[in-house]
Each structure stands twice: as structure tokens, then as C-alpha cells.
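There are 2 protein chains.
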Amino acid sequence: MPSQTKQHILDTALALFNAQGTGPVSTNHIAEVAGISPGNLYYHYRSKQDIIRALFEQLYAQTDTRLVLPADRLPTVADLLALVRTNFDIMADYRFIYRELLALLGQDDALHERHLSIRQRGYDGFREIVAALSAAGVLSPLEDATVTRLADLCWLISEFWLANLEISGQALTDAALAHGLTLMMQVISPHLAPADV
Amino acid sequence: MPSQTKQHILDTALALFNAQGTGPVSTNHIAEVAGISPGNLYYHYRSKQDIIRALFEQLYAQTDTRLVLPADRLPTVADLLALVRTNFDIMADYRFIYRELLALLGQDDALHERHLSIRQRGYDGFREIVAALSAAGVLSPLEDATVTRLADLCWLISEFWLANLEISGQALTDAALAHGLTLMMQVISPHLAPADV
DNA sequence: GTCTATATCGCGATAGAC
DNA sequence: GTCTATCGCGATATAGAC
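First to last, the protein sequences are chains D and U.
Here our numbering = 1-based position in the first sequence + 107.
Here our numbering = 1-based position in the second sequence + 107.
Just so you know, the hints here were simulated from the structure itself, not pulled from any lab data.
Glycine is no exception: its CB is placed at the ideal position from the N, C-alpha and C atoms.
Treat the hints loosely; a few may be bogus.
[Unchecked claim] Not everything, but these chain D residues come out facing chain U in the computed CB check (under 8 Å):
(1) E266
(2) G276
(3) T280
Based on the sequences and whatever the hints tell you, model everything.
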């Protein structure tokens, strides 16, 4: 667990990055808003990139603890929707990461590799949920290629719906996020199994 | 039409931005690679942001001239796929824009506004194609809300499939791009009207 | 239109006192 | 752990000769 000051630097940096982006926000700026000296900031983090990496790790920790399925039963479509909704909330908290992701990863090979492995876990999770829904009879039996495509589409919505809202100038309201979930239902519903009698 | 040097600056900047991102590429760097002096660069463009704006305008011009439907007949599903495929190619040419879009727009209000209006045209186009497919009987009759959702999904694939490939570390191969098109078919095919007769 | 030279600024990062 | 002071660099952008 980080010291108070160390965490305070992260909190301040996150707020500034989300508001202005990583480019225009300097370490001096972060230190000033955090109410500490630039030297002190560099005592806790050796570089600006180090702060960014720490924020990525915070994000990963959030996804690990909050993006979980109930372990005591088979997953439902509602579970899938709830998972994506939670993901939207986490992504909103770390907006700057998703706004600049490709630029940030392109400038830091270690981070890129780390991100790839975390991301793979998330994608595999989606694929397993879709396969489990099919196995449980919630969805009609599906070919492997179809499972993959449905998982790809759910993933695409989950990862990019927020960016789409932001680019089109819409606020991240509850209703706007919920529309993303209806898109997911639009993808899935043609494959729902007929209700049991 | 821009002068030779002016265009040469744009070409050089585009190549460098695509390779390294806008942040690490300085105007000095652009001038050096272009084989001109920094002062000359500033004779043609008053700022780095001015160069970026000019590249956005080049992109818009490309979409205007290349993203068109055949005007002499009703659109087909193949037309829709071809349109998206062409869009993939254009986006690949201007990768840096899509990699940094939210950061670039967030730092330039005029550009953001301009981008919104261009983007709206694109989205409306998608909605019209889906509606036209339904009206032409290619797709079964659809409710308005369904047309919107299908257009949203096609749009999401069209705008973010490339980013998804890049983030997951995949090369922009023909096969990878084609998979994006199969995702679009996955969305559309449940609504294809039964063949006549 | 193009160059050379330069002004100005602020950034990331470090040294050393406390 | 925190501060003050500062180094060194490279960035954007301009002035003025050619």
C-alpha cells in the first residue's frame, strides 16, 4: 500500500489527466495542484511515465476486483450486462487511459506488453461467458466461429462504446451508457433459445 | 491546391505522426526529415496544430470522395461492406488521428466542432443505408429503434475495429480487416429477408 | 520562398539542505 | 519525506538577411 503522499499524487494526476490529457499536464502542474514541491513528487515517482504506469496498475486492480461473475451458479445474460455496465463505470473513472490508449502504449513497450496480457484475460472471459450461455441453453447451440464473433462484438461494445459517446460529444449519462447495453442485446437476442415450456 | 513544399510538409508530418504519434514528433523533426529549415516550415504553417488541422482536412476530403454509394440504384449489403472496407483503408492511412482522436479533439475546440459535423454526416449515411436496405426488402421490415441500433453497431465496427486490432497488437492485414466485415454480417444476417419465391 | 540565427519558454529531472 | 534552487535540454515560434 502506497504512502499517503504517493497516493495523493496519483489521485491528483488522475483528475488532471482526465480533465486535460497527459500531454498538457506537466509534473510541475501535478505537484502544484497536489500541494507539494516538484522535488517531492520526484522522490515518490522517478518520472511522469512512472505515474502513468501506476495509474494503469490501479485500473487493472479495479478490473480484477470488480469484474467478477458469481461463482456459485451459471452465468446469465443479466450477469453479462451487469459486467459490462461495471466496466463502463471503471472506464469512466480512468477516462484518460481510454482516450489516449494507443498513444500511451506506443510509447512504452513494457506497458504495452502488460496491457496485452490483462486485456487477453478480459477477452477470454467474454468468450467463456458466451460459451457458457450457450452450454446452459440460454442461447441456442452455437458454432465456435459464432461464439467468437458474438464475443468479439460484445467486447467491441464494452471497450469502445464510451469512446464513441465521447467522440460524438455526448455526456456519459446513465441513459447513454444503457444504450450501449441495448446494443449488446441487439447482438445477442437473435440467438436466445426459445423459452422452455 | 497547396504548393509543393506545403504538401511535402503534410506528407512528411503524416508519415512521422503515424510512426511515432504527434507528441514525440516536433516541428523541427518534421522540417529536418522534409529537408527544409524550421523557419520555412513556419512560413507555410503557423503552428504544429495548424499542420494537424490540415491533415484532418485531408482525411475529410478523402472520405468525401471515396465513401460514396452508387447513385443509380438501391444499395445492397455488398455496397455496405465495400464502404466499410474502404473506410478501413482510409483510416489506416491516417492512423495517428484515430489513435489520438479524443486527445486531439480535446485540445482544439474548433477542430472538435468541425469533426462532429463531418462525423454526423457519416453516421446519418449509415442509418440511411440500413433504412434503404429494409425498404428495398433486402432486410425484413424494421422498427425505427432497430434501424438505429443496427446503424449504431455498424458504425461502431466501422470506427473502432481498426483500433481494436491495434490495441490487441494485431497487424492490419487483409484477413484481420475482413474479420471486421464478418462481424458486421453477424449483426445484419439475422435480419436478412427470406429469399423471394 | 527559403535560410540562419535566435528569443523565449517551460519541461523533466537532479542536488543538496533541512 | 519534503523543500528550494537550478541544470540542461528541446520545444514552438519569430526576425531579418537573401
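So, going through the hints one by one against the coordinates:
no.	hint	result
1	E266	7 Å, holds
2	G276	5 Å, holds
3	T280	16 Å, violated
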